[in-house]
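A.B. asks: Chain residues, written in single-letter form:
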Amino acid sequence: MSATALEPAVRTKSDFWPKFRRNRNAIAGSIIVAFVVLVAIFARVIAPYEYDETDILFTWAHPSAEHLLGTDALGRDILSRLIVGAQVSLTVAFAVLGITLTIGITLGMIAGYFGGRLDAAIMRTVDIIFAFPEIIFAILLASIMGPGILTVIVSLSVVWWPGIARLTRSLVLQLRTELYVDAAIASGTPPFTILLRHLLPNIVAPLIVRASIGVGFIIMAEATLSFLGIGVQEPRPSWGGMIRDGIVSLRTEPYLALSASTALGLTIIGFNLFGDGLRDILDPRIKDR
Amino acid sequence: MLSYALRRLLGLVPVLMAVVVLTFATNHLTPGDPVGVMLGDQSANKVLEAKLRSEYGLDQPIWRQFVKYVSGLAVGDLGLSYRIVGAKVTDVIGDGLKISPVLALAATAIAVPLGLVVGVFAALRRNTLADTGVILALTMGISIPNFAMAAYLMYLFAVKLAWLPVAGWGSIAQAVMPVGILAIAPAAYIARLSRTYMLEVLQQDYIRTARAKGLRERLVIYRHALRNTLVPLLTTIGIIFGGLLSGTFVIETVFNIPGLGRLAIQSIFARDYPVTMAIVLLFTCFYSLINLIIDVLYGVIDPRIRLGTR
Amino acid sequence: MRKSWYGIGLAVGALMAAVSAANAQPVFKTNIIADPAMLDPITYSEIIAGRIMDKVYEGFSANTAEGKIVPALATEWKGNENGTVWRFTLRKGVKFHSGREFTAKDVKYTFEQLLTPGNKAGLNSDYLVSVAGTKEMKGGSAKELAGVKIIDPHTIEVNFATPDVLFPIYPFYLMDSGVVAEHGPDWVTKVSSGTGPFKFNSWRRGVEVKIDAHKDYWGGAPTIGGVQFLIVPAGDTALSMYEANELHFALLPDNLARRLINDAKYKDQIVQSPRAQINYMGMNQNLYAPFKDKRVREAVSLALDRPAMMKGLWGGAALPLNGQVTPGVAGYSAGLPELKYDPARAKQLLAEAGYPDGKGLPPIEIQSTEPSKDELAYYANQFKRVLGWDVTVKVAERATHIRQMNAGEVAFFPWGWTAGYPDAMYFLSQVWYSKSPYNRSRWSNAEFDKVIDKARTTSNADERYKLYNEAEKILMADWGTAPLPILSNIALRKPNVKNVTMTPFGYSEFNKITIN
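Chains as they are written, first to last, in the working numbering: chain A, 1 to 289; chain B, 290 to 599; chain C, 600 to 1115.
If you are wondering where the hints come from, they were derived from the structure by calculation, not from laboratory data.
Where hints are given, some of them may not hold.
Partial list, computed: chain B residues near chain A (C-beta under 8 Å) [stated by the list, open to error]: (1) ALA426; (2) THR428; (3) MET429; (4) SER432; (5) LEU442; (6) PHE446; (7) THR498; (8) VAL569; (9) TYR576.
Just so you know, even glycine gets a beta-carbon here, dropped at the ideal spot from N, CA and C.
Can you build the whole structure from these sequences, using the hints too?
C.D. replies: Below, the structure written as structure tokens:
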């Protein structure tokens, strides 16, 4: 990959939007993403019932006018839990993203810019975490901390930041030789200013692409942890946990498992399409599509 | 080449050492007491508890436990299982060791060619309805969680239609569903990548030259384009294999396959540290080894890559 | 040895399966959720091992599905007035799986093995604590158990340092004293050393445990050729295997069972039995001050809608429990008043205690383990709704939860206690006696303790049962706990399988199973 290829392909809005409008993936993806995000933000307003309101004499009800998707093992409204589940999924996804981007970009830039021992120390740590298959490491961490939403966020963050750090470092390494960086160093600009002013803006695009594709994986990982019983805990709903609880009654009342799988699948599809679209627009390497 | 491979192999040593330290630390920091698990609900027998604790060396300071573990590791002694009384870890994981790698490799063997064919197909028909359909199907392939898919397919094929056995391991029929489900996500992933790479390659000058020379389209694709698509794909196989090893945790549990993944989940919940540590270590070794092999192969296939440069 | 587990286990095991399949007598297939932790009658300490070993080993007596004690390896037993001596007449003509005859020296050997330091003896060693000479054995100063006297090959006398009126009903696993000499110290991996209707065949870790019919069983050879316990950790996988005819009898986890119990499709296949297990709400006064007030404890009980819980949470597969002894266990009292659901009275009591509408009640966590997460969510929501009390759910890792409960560190928890033998003493003395290590809610009542102490030395059964009833009344009058419904053991049985069911204690006998 040549250094010029890393010049942000999109410098102005006028360049972004026409490309966006021509990209079917990006449009379809962003519609789904926007929908899920809105549902998550206004979850407590639009959910017809409290997500933890039990009615144990009305369990596993079939869909009806009162309960559009039926009720679960404790007579709780599945639709309401699905909606609040969106909030849980996205909270985890964005928290993990926020943490991993902050840590990964900071450490990646430090490693790439300063090199030397600092670089070696950071990259060895990255190598070690990379040596584990990621979900296995997350499961191990989650089992230490005990189940819960915080556990999920922390364990997925630990697993995810090295990828961001490695990408950032390689991007910085390539920019490091650019003339304008040399010029800035020569004119005595402090390293901090160079990192923030000159380097960061030029590596943002590939990082955004990476992040948007990562969201789908994070949501899936959260669901997997919850499915295995080490994720989000009762009475908070998680789509992964709902699928697990629903499999029990797959034969008779499949509404819980099916609706949670659909919500989960659709959301991940949305983020994946959105991420693919963004990559096509922002990453100049792939001109066609 | 050999010196590179050796250097990489040596480079693995500190990483694996760190993995040993990390798994040991995580396992011992875990709340939950293996002796408590051994004793069960109905025993508050302090004498037995103390006896078990000293038997398993759990009354020792943590550093001494660590020294003992590492020195055992050096001679291939992974200690005793905490859950199954008196059983050696090597015996407990023995059978699973013959299953999980086979499962992951079988899924890789299916996923790679399948993904490649689909990806190339889509690339050659880019921007047609077929292409869009394939892309959508692929996105769905990596978006539906394998645990949900496993539950639905098991119900459909094993219970409703009775075409396949529900669970277990040993026959081809029993392997069809777990291997197939494990292969879906990596196949979709490879297909998406190979489509992208293929599109990229097709725009390269040498392809245009080949076409301009009047070479038959099929020849252009197979001789030139496909070969150059394969090279970058190779690097992703490591990632895919790692994902498959993780996938075995869920799939083995759902399909009741007595492999390392199911055992790992059971051991984590039962606080069987020695077994958990052994499995994580093994998986990490597989993963590192596969990545190493791929790196070396990569150098063989594509001489443009200068080995040893970071 | 390793080879006998795997090499032979795998290759020959498959061969033997093929051979035994060719035999006329079918193999009964059922499921267990994990590998047994051991198959050794001395270290035996957990429920999955118990499910298998109950078919392989026997004690002096056995209990029927109704909780009645019947003679097994002892044909009769006699105690002295205050329970300090028990004399057992052993059954004649009983053959171990090895073919050796069962005699008094095997009983003595088993007891001594249970007490030998270094043997890591499990649950069954607890039953020997009152036998004379136990301390010396455990301390290593004696090689033989002084309290046990072999009178003749079929008579044995046990003397006690402190009286133990229940000794004959303890479920010992009496073992063959010649097994070590024949097979060496790791005999457990090769054979079994019991007298039961089935003997060990093979154990493929993570896959299955197989036991074969013991043709020389004193009660007659079993009608089936053997039993295959398939290891299936996931409940819904077990259900699918059952539906696909890969299991004859599927033992189901609670959450799955409560789904199927009212399903017409399974109506004729469901077998269930209420468990010999008390359930209770633990309320630790030392950790949560409002529990010191009896009115608050009563309000907790009144806020629980038990009929709705039995129907909604457990699919009707539950029975009311008004005290802390289950029916079918000796000493059960049917006369306790029914526990009412009365939100108004609960609120009133709470107000009288100084917490009108729950105001002033500090928030609390209700803690239990993963399988009870649904119940926890219900309790939290119900207490909030009825009492205005802020209760949050805490799902704890099992061993941690048990350790914390034993240490008296959990304020509020629903939990259960399964009878090890069918006598109310088990529940009352272990869960509610103030000095018991399993008194996890730390409820303490001197009067209650006094009655239990008296019952311990009362060998007359009827008199003892009266004392149990008295103790139970004291416990309930003080609202020491809010009893929770009794749950059921639930399983699915294929229509072509007969003469096997669930009992309060687990599987019924396998001896007479028929498979068409």
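A.B. asks: Take the hints in turn and mark each one as holding or not.
C.D. replies: Now the hints, each set against the structure:
no. : hint   : in the structure
1   : ALA426 : violated (11 Å)
2   : THR428 : holds (5 Å)
3   : MET429 : holds (6 Å)
4   : SER432 : holds (4 Å)
5   : LEU442 : violated (11 Å)
6   : PHE446 : violated (14 Å)
7   : THR498 : violated (19 Å)
8   : VAL569 : holds (6 Å)
9   : TYR576 : holds (5 Å)
Of the hints listed earlier, those the structure fails to meet are numbers 1, 5, 6, 7, in rising order.
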